[in-house]
Amino acid sequence: MTRLRSIFVTPAAVLMLVTIAVPAAIVGVYSVLSRGAYGGVELPWTLENYTRLIDPLYGGIFVRSVALAAAATALCILLGFPLALFIARSGTRKNLYLSLVILPFWTSFLIRLYAWMFLLRDTGLINTVLQSAGVIHQPLPLLYNTGAVLLGLVYGFLPFAVLPIYATLERLDKNLLEAAADLGARPIAVLTRVTLPLCAPGIAAGAILVFVPSLGTYITSDLLGGSKTILIGNLVQNQFTTARDWPFGAAVSIVLMIVAVLLMFTVRRRGEELL
Amino acid sequence: MGREVILEVRGLSKQFATHRAVHDVSLSVERGAFFSLLGPSGCGKTTTLRLIAGFETPSAGEIWLNGSRIDALPPFRRNVNTVFQSYALFPHLTVLGNVEFGLRHAPAADAVQRVHHVLEQVQMSDKRSRKPSELSGGERQRVALARALVLAPDVLLLDEPLSALDPQLRKQVRAELKALQRQTGVTFLFVTHDQEEALALSDRMAVMRGGEIEQAGTPEELYRNPETRFVASFLGEMNWVDGVGIRPECVCVARDPGSDGRRRGRISHTTFLGPHRHLTIQLEGGEVVTAQTAAAAPYQGGEIVHVYWDSADELRFPS
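Top line first, the protein sequences correspond to chains R and P.
Numbers 1 to 275, taken from the working numbering, label the letters of the first sequence in order.
Numbers 1 to 319, taken from the working numbering, label the letters of the second sequence in order.
No wet-lab data here; the hints were simulated from the structure.
Misleading hints may appear alongside valid ones.
Chain P regions said to be covered by chain R (calculated; three or more residues, Cβ under 8 Å) [to be verified]:
(1) 81–87
(2) 93–105
Derived SDA-like pairs (lysine to any residue); straight-line CA-CA distance at most 25 Å [as the list claims (entries may be wrong)]:
(3) Lys131(P) with Ile26(R)
(4) Lys131(P) with Leu180(P)
(5) Lys131(P) with Glu178(R)
(6) Lys174(R) with Glu139(P)
(7) Lys174(R) with Ser163(P)
(8) Lys174(R) with Phe76(P)
(9) Lys131(P) with Glu170(R)
(10) Lys174(R) with Cys250(P)
(11) Lys174(R) with Phe55(P)
(12) Lys174(R) with Ser59(P)
(13) Lys174(R) with Thr94(P)
(14) Lys174(R) with Ser133(P)
(15) Lys174(R) with Arg104(P)
(16) Lys94(R) with Phe55(P)
(17) Lys131(P) with Asp173(R)
(18) Lys127(P) with Leu176(R)
(19) Lys131(P) with Thr192(R)
(20) Lys174(R) with Leu96(P)
(21) Lys174(R) with Leu73(P)
(22) Lys174(R) with Arg20(P)
(23) Lys127(P) with Pro197(R)
(24) Lys174(R) with Leu180(P)
(25) Lys174(R) with His269(P)
(26) Lys174(R) with Asp310(P)
(27) Lys131(P) with Asn175(R)
(28) Lys174(R) with Leu135(P)
Quick partial rundown of chain P residues pointing at chain R, CB under 10 Å, derived from the structure [claimed, not checked]:
(29) Ala53
(30) Gly54
(31) Phe55
(32) Pro74
(33) Phe76
(34) Arg78
(35) Phe90
(36) Ala144
(37) Arg147
(38) Leu151
Cβ coordinates follow ideal geometry from the N, Cα and C atoms, glycine included.
Kindly generate the complete structure, drawing on both the sequences and the hints.
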């Protein structure tokens with residue numbers, strides 16, 4: 001029995017080790033080495049890459065990234081919960097709606113972001129239509145700002161919020177909802193007193209699935225935020241490319257990972273307290 | 001009893017997409033009564049209960065509770081409460097949280113005393129801080145009762161509340177349930193497929209079959225004077241001999257052939273039931289009757305005996 005189990009578990013365990021643990025360890029080692037002249041890393045060992053992060057400039061980037069990821073998470077949950085509830089209650093159409101939620105994944109995220117650029121830019125669809133309709137005379141600044149990045153994040157990660165919430169709603173014992181109504185709870189009270197607390201694990205899972213990739217995003221902010229919105233993801237990317245400061249990029253990555261893991265644990269603990 | 005009617009159902013029907021769950025059901029329940037809906041699974045008893053609770057909308061008919069018509073009201077506006085078969089306790093709330101749940105929507109000045117009192121009644125005071133997952137089946141059932149009773153419903157609806165308990169516990173909980181009903185004076189509408197349960201607990205009962213009520217009355221009326229073969233067979237045990245029904249306890253057994261038209265038969269086997277013994281007798285002519293005798297009766301399997309009964313005990317039905 002244990003042998004059979006190990007046969008099935010080993011490939012996944014090895015894959016996780018090779019693709020997650022080993023790279024993370026390499027990043028950790030890089031983060032305490034010195035910068036090479038043309039990229040790469042050299043001895044001696046140093047903690048300078050971490051002490052540099054104390055600069056308020058980087059603190060600002062961290063705070064902005066966390067705030068933006070938190071806003072994207074909140075919006076995804078606020079939009080995703082009603083949507084998941086709607087799908088869970090649509091009977092035989094459930095599977096159709098679920099496939100519609102997943103449908104965008106059939107196209108590359110990059111292409112979908114370019115599509116947003118076509119919609120949002122000064123000469124894009126939205127501005128052109130509004131201008132020719134005489135609603136506006138100057139193009140609205142829809143692209144290359146924080147709002148556009150937020151839009152891109154919510155658009156890209158909404159399915160990650162919808163799916164786990166849907167899964168908990170689907171599992172919810174219908175008798176509990178009937179019992180709540182039976183005990184005098186109006187539909188709104190059934191939602192807040194029974195449905196929401198019992199869906200807390202799904203909401204927490206959805207929040208983590210949106211928050212973590214939002215915190216590390218760089219494509220969305222790169223394409224939709226222009227040069228104005230520098231996030232941690234872009235900072236890391238710059239260190240490994242143009243700035244050629246791999247150790248510093250590695251240090252930023254490690255701090256990002258620690259922040260993400262700490263936040264995840266906090267959310268999970270809160271979720272367990274609720275149940 | 002002649003007391004006032006608290007719940008009246010008139011011509012109630014429920015048609016689902018492909019099947020007729022409840023058809024033209026009428027019944028009236030007196031205040032303070034223990035009324036059972038009895039029938040095999042799929043007979044429409046649970047749907048009837050759900051229609052009264054408001055979880056289903058009737059296709060036709062009326063439901064009157066305490067003088068007002070309620071069949072168009074949502075569940076939260078009906079002064080009935082339900083004990084679910086699965087109990088449906090809120091897993092994220094404690095015993096106390098579950099019992100207090102409904103009081104939030106029906107604030108009462110004496111809420112604290114009521115909760116205290118009902119927890120005492122079901123003997124769950126010392127477990128008020130437990131979560132449902134930490135309770136036994138019997139305890140969950142009592143919390144489900146407390147949660148509903150604390151709201152002082154006009155009628156308490158119970159959907160097979162004993163079926164999830166193991167048989168050992170069931171008889172004890174049955175007695176507790178009856179005692180609780182007497183103590184609180186609340187009207188109980190009890191759904192069950194267990195005829196013994198219905199007979200033991202009910203003041204009045206209705207036997208359902210195929211979405212319709214076959215017969216309603218006191219347990220004794222239904223047992224002694226069943227109006228249909230179905231009711232006769234469903235309640236207790238019944239022998240069918242030459243088209244008439246005769247209960248095992250009405251069948252007498254003797255070794256003596258007598259002179260009063262006794263029928264001869266051979267005991268195929270005997271079943272010891274504690275206080276009495278059932279003899280399964282193959283009659284000449286092929287019919288089989290079960291006779292109830294004292295446990296100490298001296299009959300053996302294989303023995304030739306003669307059976308007879310008082311013709312007044314025979315039950316006849318139009319075929």
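Notebook entry, point to check: Which numbered hints turn out to be false for this structure?
Noted result: Numbers 3, 10, 24, 25, 26, in rising order.
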